[in-house]
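Peer 1: Protein sequence lines, in the order shown, are assigned to chains Z and X. Following my numbering, the numbering of the first sequence begins with 7 at its first residue and continues without gaps. Following my numbering, the numbering of the second sequence begins with 23 at its first residue and continues without gaps.
Hints are computed from structural coordinates only; laboratory data are not their basis. One or more hints might be untrue.
[What the hints assert, rightly or not] Per label pair, the in silico range of CB-to-CB distance:
no.	chain 1	residue 1	chain 2	residue 2	range
1	Z	G99	X	E136	17 to 23 angstroms
2	X	P122	Z	E493	29 to 35 angstroms
3	Z	V436	X	G83	33 to 39 angstroms
4	X	V130	Z	L379	46 to 52 angstroms
5	X	V101	Z	L314	19 to 25 angstroms
6	X	V86	Z	V197	30 to 36 angstroms
A quick note: this is a predicted structure, and the numbers were derived from the prediction, not measured. C-beta atoms are modelled at their ideal positions from N, C-alpha and C, and glycine is treated no differently.
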Amino acid sequence: MAIVAVVLATVVIGTFGVRVSRTTSDFLVASRSVTPLLNASAIGGEYLSAASFLGIAGLVLTYGVDMLWFPVGYTVGYLVLLVLVAAPLRRSGAYTLPDFAEMRLGSLRLRRVSSVLVVLIGWLYLLPQFQGAGITLHALTGAPQWIGAFVVAIVVGVTVAAGGMRSITVVQAFQYWLKLVAIALPAVLLVGAWYRDGSPVFAAGDWGTPLSGYGGREYPLYSTYSIVLATFLGTMGLPHVLVRFYTNPEGRAARRTTLAVLGLLSVFYLFPPVFGALGRIYTPELAGTSAADTVVLLLPGRVFHGWLGQALSSLVAAGAFAAFLSTASGLSVSVAGVLSQDVLTHDRRLGDGVRRFRIGTAIAIVVPFGLALVAGRADLAETVTLAFAVAASTFCPLLVLGIWWPRLTVRGAIAALVVGGGSALATVAVVLAFGPFHGVLGALLEQPAAWTVPLAFGTAIGVSLLTRDSVPRTTATALVRLHSPEELDVRR
Amino acid sequence: MSTPDRPAKRVTVTHPRTAAARSAPRRGVRRDVRDQTELGVTMMTSLRRAQLRLALIVGLGVAVVVGVIPLVFLAFPTVREARVGGLAVGWVLLGVLVFPAICGAAWVYVRAAERNEAEFVDLVERS
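Bound conformation, chain Z alone (with noise of 0.2 angstroms):
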């Protein structure tokens, strides 16, 4: 029922958007025509995915404690975001990542290498989406598991063909409001019912320690800052997560829509660690096994029975839907926009703007979806997380150092996404093809950032410097784009 609510809300809202939108930088951009805390909530609510609504709590069920850092990086990757790259990035005028590539260093090629690797992220991060919508269904009414992501990719695909950004929007607000609240009550009233129970607590073993490797973790120190790595520093290169900036008017307005985003994510990060560690005593069986994902939908009807029970298994369904839909538009939004802006574009046939748009969307959305029928199960917050690292291992040197060195090269930014990103790939399809791994050899390649980040960072400014006689000649007025207040108004 909740579910069917959500989805119906979400597909209302988004046609109502079409009759809003209608040309293409209306559907690309919303105008530039959103208020800050609007564009704040759906900033958010874009931003809180399956892995934070359901992952987090899950990894804290079965390893404990040191799993906590995933809320941590998810929301200092924000901060980051906010003092390296927010303003200046606004700035640029760039919309996308290719955008910013090709405004900074003026580059077709490494225009386009950027594009395949939003694309390839993106679907990375759209793929534990889908499956998170599966298991989801699948706890609930043992529905096979292909049918949630059905469901998600369908309304995806509809509400941003049919109306673009400015109607996702409002719908992104709208859920992160909705996600908040369906994790916050049940929240506050699980930890009532723990206090009535006389709070008892689950001792066995290191769980509630850190660095315990609790669950079977190995090296826990090692994937500790390799998670630490890859969500500050990746968090700046999800395509979704970019996108956003470009509907803030200006760049102080990026600065300040930034700082409500990480008040808006503190509240949140509060609850989904409460649901793991209340899952330790109500619901112990389901840690370390595939359903561990499933304790923020199972917990709130095994602690209270009768109709407040059903409510607020509903209320919890409800924001998990909210979670895969938010997301998974953003970033249909983003990948659809790369694929029609730079991939399509040679075709004449594929039509107008509009079109091309369409056309990109059932591309974005179709891949992941084909590839959650057939990958094998990983943790959700896991998976995300390896999208993080490869945004950490590519876009994160190139953002950072375009913004703030004025050595960087062609050369050096095209090496730095290539050996980057060419190398988190890679050990993403090994986890993915051939996983679990065990040892030294699983914790570098499940764990990929710790080594990743700091090659693709060499790379860049190694590169840059071999290459130094062909620093870009449009190097100082791209800076001075990017750092001048609006109010000297240089850009003319």
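With chain Z's structure known, arrange chain X on it following the hints.
Peer 2: Just chain X now, kept in the frame of chain Z:
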């Protein structure tokens, strides 16, 4: 901290009698910034460096404070087991306390970054 308010704009209260005194209002070095004369580039570089310094202070500050937590846990097993108000210290620290700290750092950064820019704009428009 020092000057939260911008100095009031100067107002000419008397009408000069000579045409010579009524020269066009000064455009400042805005054109230098736009056209990237040596002066303009130097000024932009100084703004960029100031903003980078600020970003690194806040960003690295938070990264070091947060990033050192695992090492503290590693080095001091007693900290790992310590309890705050009935809860293990790891849960309190990573589940609750880091978030206000992150938001506070972000707030300080936004204020300082806007002040850097306001000072730069002032400098450009007055000189």
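Peer 1: The structure should be examined with respect to each hint, and the outcome stated for every one.
Peer 2: Checked hints:
no., hint, verdict
1, Z:G99 x X:E136: 17 to 23 angstroms, "holds, 20 angstroms"
2, X:P122 x Z:E493: 29 to 35 angstroms, "holds, 32 angstroms"
3, Z:V436 x X:G83: 33 to 39 angstroms, "holds, 36 angstroms"
4, X:V130 x Z:L379: 46 to 52 angstroms, "holds, 47 angstroms"
5, X:V101 x Z:L314: 19 to 25 angstroms, "violated, 40 angstroms"
6, X:V86 x Z:V197: 30 to 36 angstroms, "holds, 33 angstroms"
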